[in-house]
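Could you build the full structure based on these sequences and the hints that come with them?
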Amino acid sequence: MEVGKTKTYVYSDAELDRAEGEAIEALKTHSQQPIPDPDRWLDEELKRNILLTSLDVAINWARRSSLWPVVCFPACCAFEFITTAASRFDISRFGMEIIRASPRQADLMITAGTLTWKMAPQVRRIYDQMAEPKWVIAMGACGISGGIFASSYSVVPGYNRIIPVDVYVPGCPPRPEALLYGIQMLHHKISKRSIVIER
Amino acid sequence: MLANYGYIGLFLIVAILFAVSTLSLPIFLRFIRIVPRKPNPIKSSTYECGMETIGKSWVQFNFHYYFYALIFLALDVLVIFLYPWAVDLRQLGGSGLIAATIFIFIIVVGYIYAWRQKVLEWK
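Sequence lines, in order, name chains E and F.
Numbering-wise, the working numbering comes out as the position in the first sequence, counting from 1, plus 71.
Numbering-wise, the working numbering comes out as the position in the second sequence, counting from 1, plus 216.
These are calculated hints, taken from the structure and not from any lab test.
Worth double-checking, as some hints may not be accurate.
[Unchecked claim] Interface residues of chain E toward chain F, partial, derived using beta-carbon atoms under 8 Å:
(1) I130
(2) Q193
(3) D199
(4) I266
[Said to hold, decoys possible] Once the Cα atoms are required to be at most 35 Å apart in a straight line, the calculated DSBU-like pairs of lysine-lysine come out as:
(5) F:K259 x E:K189
(6) E:K263 x F:K254
(7) E:K99 x F:K334
(8) F:K254 x E:K189
(9) E:K260 x F:K254
(10) E:K263 x F:K334
(11) E:K263 x E:K99
C-beta atoms are modelled at their ideal positions from N, C-alpha and C, and glycine is treated no differently.
See the structure below:
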């Protein structure tokens with residue numbers, strides 16, 4: 072499953088299940104703590120010069136005005152996302168109307184729905200394949216903390232165990248307005264970036 | 217006449233410049249540290265996107281599908297040849313009708329042979 076390992080070919084369903092179970096258990100033991108939000112640069116006060124600041128403004132405007140979400144909708148919050156994308160709420164106002172099926176062309180992951188541990192390695196893989204710079208919006212109660220399934224053995228208690236999350240949108244499910252507000256918060260976050268810190 | 221080829225040369229120059237500039241733009245942006253670089257093994261792999269196949273991908277198909285595919289192909293060819301004949305039915309006249317009948321007869325003989333050989337029965 073992982074790149075870099077020696078390729079072993081599995082031929083029976085029992086072996087396949089065992090190999091998958093081992094991979095998932097390994098991931099589960101390694102991700103018991105939430106990944107911290109990579110936000111240190113938000114508080115840092117920078118010595119900005121005028122030229123770099125103008126460049127930052129232009130780059131951040133370009134980045135936040137064309138966020139392309141990747142397809143990662145494991146559960147029912149996806150319906151609210153579909154409503155957000157459709158004509159009434161219309162996220163194409165933010166330049167987001169293209170939902171990419173290929174993570175290589177996307178820079179935003181809106182994690183709409185409950186994530187099970189069985190699905191977790193795949194979500195991590197899709198996140199790894201996305202191009203830099205990339206952002207994650209955890210949408211809904213299940214995306215934030217596991218929601219009503221938080222105590223279940225099979226549900227990941229929050230996407231931040233698997234991938235770093237930038238913006239949390241609460242709700243079960245959140246209304247499209249809430250998701251739009253979350254997207255605007257992400258825009259604010261992106262507009263604070265600076266190329267000086269990122270190198 | 218020869219001067220008209222100049223436009224092709226101009227077009228070629230513009231095409232090469234466009235391709236080179238769009239290819240070198242990311243390299244330039246990487247050089248001045250605008251494009252971040254955080255590679256990981258999965259991102260660097262040549263596999264474009266999505267999941268890798270788990271388990272074997274050598275799946276055996278039932279051999280019977282081959283016969284069905286072959287018979288369908290014959291029907292397909294039949295239809296391809298009958299369409300032009302149907303469009304030009306009046307111009308082709310009687311000789312066209314005879315030719316089409318012979319053609320259908322040849323195909324139908326093959327179908328009857330396959331039927332008699334019990335190819336259409338699923339065993």
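Hints and how they fare:
1. A cut of 8 Å between beta carbons decides the hint on I130 of chain E: the least distance to chain F is about 6 Å, and the hint holds.
2. For Q193 of chain E, the shortest C-beta to C-beta distance to chain F is roughly 6 Å, which falls under 8 Å, so the interface hint holds.
3. Because the smallest distance between the Cβ of D199 of chain E and any Cβ of chain F comes to about 4 Å, under 8 Å, the interface hint for this residue holds.
4. A hinted interface residue such as I266 of chain E counts as satisfied when its beta carbon comes closer than 8 Å to some beta carbon of chain F; here the least separation is about 6 Å, so the hint holds.
5. Taking the CA atoms of K259 of chain F and K189 of chain E, the gap is near 21 Å; set against the 35 Å cutoff, the hint holds.
6. For a cut-off of 35 Å, the pair hint linking K263 of chain E to K254 of chain F stands: about 20 Å separates their Cα positions.
7. For the given pair, K99 of chain E sits about 56 Å from K334 of chain F by alpha-carbon distance, which is inconsistent with the 35 Å threshold.
8. Distance hint between K254 of chain F and K189 of chain E is fulfilled; the C-alpha atoms sit about 27 Å from each other, no more than 35 Å.
9. Distance check on the hinted pair: K260 of chain E and K254 of chain F sit about 20 Å apart at the alpha-carbon level, within 35 Å; holds.
10. Restraint check for K263 of chain E and K334 of chain F: not satisfied, since their Cα atoms lie roughly 74 Å apart, outside the 35 Å limit.
11. The suggested pairing of K263 of chain E with K99 of chain E holds, with an alpha-carbon distance near 34 Å, which does not exceed 35 Å.
Of the hints listed earlier, those the structure fails to meet are numbers 7, 10, in rising order.
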